[in-house]
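**Q** Given the sequences, and given the hints that come with them, work out the whole structure.
There are 2 protein chains.
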Amino acid sequence: MTTKQFVLASRPKGLPTHDNFRMEDVDLPELKDGEILLQGMYYSVDPYMRGRMNDAKSYVPPFEIDQPMQGGVVAKVTGSKSGSYTTGDVVVGMFPWRKDFIANDKDVRKIDTSLAPASYYLGVLGMTGLTAYFGLMDIGKPKSGETVVVSGAAGAVGVVVGQIAKIHGCHVVGIAGSDEKAKLLTTDFGFDDAINYKTTADMNKAIAAACPKGVDVYFDNVGGDISDAVIRNINFHARIPLCGQISLYNSTEIPMGPRLQPMLLTRSVLMQGFIVTNYQVQFPEGIKKLAGWIKEGKLKFTETIEQGFENLPKALLGLFDGENTGKMVVRV
Amino acid sequence: MTTKQFVLASRPKGLPTHDNFRMEDVDLPELKDGEILLQGMYYSVDPYMRGRMNDAKSYVPPFEIDQPMQGGVVAKVTGSKSGSYTTGDVVVGMFPWRKDFIANDKDVRKIDTSLAPASYYLGVLGMTGLTAYFGLMDIGKPKSGETVVVSGAAGAVGVVVGQIAKIHGCHVVGIAGSDEKAKLLTTDFGFDDAINYKTTADMNKAIAAACPKGVDVYFDNVGGDISDAVIRNINFHARIPLCGQISLYNSTEIPMGPRLQPMLLTRSVLMQGFIVTNYQVQFPEGIKKLAGWIKEGKLKFTETIEQGFENLPKALLGLFDGENTGKMVVRV
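Chains as they are written, first to last, in my numbering: chain A, 6 to 337; chain B, 6 to 337.
Source of the hints: derived by calculation from the structure; they are not laboratory data.
Check before you lean on any hint, since a few could be wrong.
One copy or two, either will do: identical chains are not told apart, so a pair holds if it fits within one copy or between any two.
Capping the alpha-carbon separation at 35 Å, the derived lysine-lysine pairs in DSBU-like fashion look like this [unchecked claim]: (1) K111 / K148; (2) K18 / K218; (3) K218 / K111; (4) K171 / K303; (5) K188 / K294; (6) K294 / K148; (7) K146 / K171; (8) K305 / K218; (9) K111 / K171; (10) K146 / K218; (11) K104 / K86; (12) K148 / K81.
**A** Okay, here's the thing in structure tokens:
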């Protein structure tokens, strides 16, 4: 059969543009034993994908030129030569940006759409929710009464981090990029306070005011000047899970900033980078916890859903405009 | 009785000078119950003292103007109104820079000079040895076969770190500031390789050459450009204990450098500042380990001994010239 795919047409310099992607037809071969034919339902777009568009060593290999982009996809089975899957099953996995595609049955995982909407398995019950859970709990180790600051707080990971911190009895402050987002954090997601960095002249003072007892855990999704300001307010023995550096992803030169080590040293601070797959063996435990909190009404989740396969690049580029709230997915 | 003391005369801007210190006479009061009279034998001078000369929040409070400097001192008891100490006992503690001084018997600890020379309790069996031990073992967590890089490697902490890493089966590379020091590290202290950063044009390449499997643990005593070069060679899941930042201590402005977070993030690296007193409850365990390795001949230690109470400021200033090898102490 013939289907559509998006390939990486060229590597971006700085901010990616539509020219870096190309939609084209592709022929799929016949199914072999152990394989299944899948039709994409929901495609995840995530900030980390920007890194894979560079030709650089990182935790995941770069996308290749003229090869399909890939990411998390929820798909339904439309054909099967596997004993484990039948037509109509809904699965999740890392798949190419194709409307239809073939996968080995070992590379997919069946999902339970009675527990939560299918798209949630790309979000709060998928990589983003698990990223929030393990980064906060394993590295941040929040204790009741402590102050937790989250940057990129209205993003898919950020809203989950803040809510888990509230569940653990912390004072939670979010940093986001618009008044609407800041308001959502306090009204819808239970954050104690939120700061719109775009309208705040002195972030250092704003964080000090929102965190009268200093910052014990800083869950960093953004990096750059915002993180500098938070770190100026960091407490002795604080923990800083490094989850993302979206403010720097489109830099074409090595970004410079104040050296961190003197502050980390004099205040005995821990900073640790991580990727959710470090915790792969613990995923079932994380999903169970997250699903439990959703069921109890303690953990809410929002999505921005873009319609149409052809809008995959647009949805990805939108992440860097800061326009989305919560998890960005594309429904086909 | 009347004795001599050194006070902080003024706070340094940048590199400290002799003008920042003043020697003067001071009268000691009569001993009260529970107090002992002590005569200093060995005075420790340490890089961290530079931080206490500033009026800035840190892990130890600043020295006060016109008040005596203080630090680790080995002293002998010359008078006692305590049931726990008698004349002739040798003790260690944090004391003022005075030739004679009074201490509460709760603030001193008797030392066993049959196990090691008295001055060792300011070094390998004191704060510097314990700093090396806990920073490397608790944060660095070296595993056999891994590569450990130490900066400030010929310093009091550095030589101990390197030897403990060798005891644990690691490939150990030291960075130091002269050919003599680099040679000492490989010939006397068992390091596998050593780099003289002062004569190395491209530190990044030199570290890559000395660490063909990359860097798993970077024990950082210096900060600045040297650390930037090491971190460019850091492995996935590496650990960076932050012990000192001597290259930055005399900065008068906030030092700038390449932002670290992208590297720490993409390689899942842990960086953690610490001060040895975080491990206070585990000190007896650390001293036992270190003393055992000394006894087995696996752990060597060198000192630079300056003579004369009046040379305390000179000895401290000497730390910032990079002239000393091993622990710097002043014998009176």
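**Q** When no copy is specified for K146 and K171, does a C-alpha distance of 35 Å or less occur within a copy, between copies, both, or neither?
**A** Both. Shortest intra-copy (13 Å) and inter-copy (32 Å) distances satisfy the 35 Å Cα cut-off.
**Q** Could you place K146 and K218 in one of the four classes (within, between, both, neither) given a Cα distance threshold of 35 Å?
**A** both (17 Å within a copy, 32 Å between copies)
**Q** Treating 35 Å as the Cα threshold, decide for K104 and K86: within, between, both or neither.
**A** Classified as within: same-chain Cα gap 19 Å, cross-chain 87 Å, threshold 35 Å.
**Q** With identical chains treated as interchangeable, where does the CA-CA distance between K18 and K218 reach 35 Å or less: within a copy, between copies, both, or neither?
**A** Between copies only: 31 Å across, 42 Å inside.
**Q** First find the shortest C-alpha distance between K188 and K294 inside one copy, then the shortest across copies, and answer within, between, both or neither for a cut-off of 35 Å.
**A** within (27 Å within a copy, 55 Å between copies)
**Q** Treating 35 Å as the Cα threshold, decide for K148 and K81: within, between, both or neither.
**A** neither (41 Å within a copy, 45 Å between copies)
**Q** Between K111 and K171, at a C-alpha cutoff of 35 Å, which is it: within one copy, between copies, both, or neither?
**A** Cα proximity of K111 and K171: none, with 37 Å in one copy and 43 Å across.
**Q** How would you label the pair K111, K148 (within, between, both, or neither) given a Cα cut-off of 35 Å?
**A** between (39 Å within a copy, 33 Å between copies)
**Q** Classify it for me, K218 with K111: is the Cα-Cα distance of at most 35 Å met within a copy, between copies, both or neither?
**A** between (49 Å within a copy, 33 Å between copies)
**Q** Have a look at K294 and K148 and pick one of within, between, both or neither, based on CA distance no larger than 35 Å.
**A** Classified as both; 17 Å inside a copy, 33 Å across copies.
**Q** Cα distance capped at 35 Å. Does K171 pair with K303 within a copy, between copies, both, or neither?
**A** Classified as within; 9 Å inside a copy, 50 Å across copies.
**Q** Checking an output row: K305 and K218, CA cutoff 35 Å. Within, between, both or neither?
**A** within (27 Å within a copy, 45 Å between copies)
In summary, the structure is inconsistent with hints 9 and 12 from the numbered list given earlier, while agreeing with the others.
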